[in-house]
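Asks: Given the coordinates of chain R, assemble chain C onto it according to the supplied hints.
Listed in order, the protein sequences are those of chains R and C. Throughout the first sequence, residue numbering follows the numbering used here, covering 2 to 458 in sequence. Throughout the second sequence, residue numbering follows the numbering used here, covering 2 to 458 in sequence.
Hints may contain errors.
Heads up, the list lumps identical chains together, so a pair's fine if it works in one copy or across two of them.
[Stated by the list, open to error] Taking lysine to aspartate or glutamate pairs in the DMTMM-like style, the calculated list, with each CA pair at most 25 Å apart, reads:
{"hint": "1", "residue 1": "Lys-406", "residue 2": "Glu-374"}
{"hint": "2", "residue 1": "Lys-32", "residue 2": "Glu-290"}
{"hint": "3", "residue 1": "Lys-131", "residue 2": "Asp-65"}
{"hint": "4", "residue 1": "Lys-167", "residue 2": "Glu-430"}
{"hint": "5", "residue 1": "Lys-81", "residue 2": "Asp-16"}
{"hint": "6", "residue 1": "Lys-10", "residue 2": "Asp-256"}
{"hint": "7", "residue 1": "Lys-326", "residue 2": "Glu-446"}
{"hint": "8", "residue 1": "Lys-97", "residue 2": "Glu-178"}
{"hint": "9", "residue 1": "Lys-131", "residue 2": "Asp-160"}
{"hint": "10", "residue 1": "Lys-6", "residue 2": "Glu-75"}
No wet-lab data here; the hints were simulated from the structure.
Protein chains: 2
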Amino acid sequence: MPNEKIPYKIYLNEDEMPKTWYNLRADMKQKPAPLLNPGTHKPMTAQELSGVFCEELVKQELDDTTALFQIPEEIRSFYKMYRPSPLVRAYCLEEKLDTPAKIYYKFEGNNTSGSHKLNSAIAQAYYAKKQGLKGVTTETGAGQWGTALSMACAYLGLDCKVYMVKCSYEQKPFRREVMRTYGASVTPSPSMDTQVGRKILAEHPGTTGSLGCAISEAVETAVGSEGYRYVLGSVLNQVMLHQSVIGLETKAALDKYSVKPDMIIGCAGGGSNLGGLIAPFMGQKLRGEADYRFIAVEPASCPSFTRGVYAYDFCDTGMVCPLAKMYTLGSGFIPSANHAGGLRYHGMSSTLSELYHQGLMEAVSVKQTEVFEAAEYFARVEGILPAPESSHAIRIAIDEARKCKETGEEKTILFGLTGTGYFDMVAYEKFHMGQMEDYIPTDAELEECRNALPRID
Amino acid sequence: MPNEKIPYKIYLNEDEMPKTWYNLRADMKQKPAPLLNPGTHKPMTAQELSGVFCEELVKQELDDTTALFQIPEEIRSFYKMYRPSPLVRAYCLEEKLDTPAKIYYKFEGNNTSGSHKLNSAIAQAYYAKKQGLKGVTTETGAGQWGTALSMACAYLGLDCKVYMVKCSYEQKPFRREVMRTYGASVTPSPSMDTQVGRKILAEHPGTTGSLGCAISEAVETAVGSEGYRYVLGSVLNQVMLHQSVIGLETKAALDKYSVKPDMIIGCAGGGSNLGGLIAPFMGQKLRGEADYRFIAVEPASCPSFTRGVYAYDFCDTGMVCPLAKMYTLGSGFIPSANHAGGLRYHGMSSTLSELYHQGLMEAVSVKQTEVFEAAEYFARVEGILPAPESSHAIRIAIDEARKCKETGEEKTILFGLTGTGYFDMVAYEKFHMGQMEDYIPTDAELEECRNALPRID
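Bound-form chain R, shown alone (with noise of 0.2 Å):
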């Protein structure tokens, strides 16, 4: 019974850590779609995009070819403060569901910002950094990403300003509250500050804003800025490289003990995680080396696989971004305001959706009542306060587990377990109180937004 060794922590050493990060990318045959000039509809170059983007990430970003990218080791300095992040057995939770199914989890919360967000922060700020910038501009929803690079900066002594979707500033003032301590400027988005914030609010008064709105904020003021760039959190090529630690560690932690997984869940929103998680595990079956099933879980009240359409969209409400071929539910998509949590962008990362389309990895949405259900379950008997996000993949892994309890089948499911939940309490007296409510977008609304899409020839 190799299994009986398996501790419940497997930790890496510091020399066992990864010394590179892996563009998944390159192992692709039919690569994700470029990045379009929202005005020619050309790819963007380089050039195109080192003014919004810093140099460094604007390589990284465009190269699918290159497959290990050195990880600085100002960076891997960094990541040792808060990394590796533990490989989970969930002894407890196996003996509490009653199943046959071994499961593992990766756990990304033990850091202040709560989540894995840090692990793409602090390479972009260091790219900043090493360009001789002064700061960095950027969008949040939930909190975490702000709350990361805020970290990342004040560890880097860069400037950081970040857009906070007005609802979550106000909602979460906690949050808001770490970011200052770690000295950012916060502010609530959409703001009279852009041109871009300015006419949202002409458009839509008393609007609570959207992560699409903030992300045009931040980039405009990126764009005027004397030494800015703007950074972002999820979505594009050069966070899914970043992330990828979190599937190196992990892969290197079940090798350790020659445990393969037979399946792989991870929450998406944007992607970060997802991609992160799963990007060795998919280098294999990409690679025929190997194969594994692969389960993205999103929220039923922001379904970009599973119900939106994989074309060319814009990625911000402003239009102002680049476009993206992308699963989408269209840029001027925003999520029900009971939605809670992160996970309300309305695309996804064009490389999973790309991995998607080609049926390498399924999708499924569940709703949020179902997610809070397994999020107490789980706190529970793991003991840890999971985050909205990682609940959803949560609530997957148990529903696998209890298919193998009546089947009898000892699979190996492996998930991530993005974050933790302490800011997000409130959403957690809702569920308590019974008072949280479920939604379902319409067709009709779906078909609406759809309806928005750029036409690309």
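Replies: Frame of chain R, contents of chain C only:
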């Protein structure tokens, strides 16, 4: 340079984790004074205590000769869910301070309760379960202990009733909601549910409560309910015993790299963290095997070591608990309303009190603005958002490291980072806005509280 090989974080393997708790009292020649019956002023017997505490815990409470207690297998299993906690070499802090000092901290915040309190919560819940009890009652101030106990009870399927100091209940709704997520019932104290609560409310209408008052209510409820016992998260000998796991892990990790600290620093409220951290090191000192400086850090607004008296006192406001000999400000002392976070108990562990009385450890008090300054500095440099309580230790660790810079001494500083500050953002916000005030009780105030001490012949 052996230190160059020391990783950022030293983790123990599962087989290196402590299998026994260490009872510091066994090595003390002059033992801590016994608990006294508040009516007869005679030492409390096991029988008297067993109406309040579980039998096994009573044994641990009274035993001052057995040095090592086996940690039951079930508790060790639970420990594996979140232990070993990392011992961190604060390379970034050292660099930022430009100090020749070597700084280590034992980080106990990497679990959902957000602090070290879980170490004793699971032990106390386990013995309650083993005795066949239905549930336990307790009080909580800042909320860490209540959260920890809720988690332990959820894991074991025990009922958990928490009396939460009213001002915390109102100011920290998220803490309350975390406890509810773990299935606990949470009542603001003072409440109308108990005699003592009703009495206090009649005498002090509009009071926002105190720990001493919440303790009285929890004890009354336990004693009056079939199948319930009372549990306490600090002060008691049994808690010191369970918390020794912190120091034992720390010592094992340091020994692996042949590191010997010159000074060991911890925050002190009731003494649970400090007592646990220093236990094995103090044991060496008592046995004449090694010498260390031990520094207890307490708030200037609740200075039981530095301005209290060493005397028998009530442990609670309602005076229903046994009397304990300790450094105390008097059971009527309530810290100023502007005091943020925990460390607000009027007394101190009897064991630590006796050690301090014998001159075996030092104590200092710090103002809370100085504490939050250190907290923010630490957060930006080391990435972890510390709890206000823990930041007392950070403050003195930084001060000591700066002294080393002046003198050029390469001292090794170890401190306890007991928890995270995610639920303390109201206090952080006050600090950022420049609205945080310091309060130091006057001699006259302290004198008045001292006058209410019981007279023991």
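Asks: Checked against the structure, which of the hints given earlier come out wrong?
Replies: none
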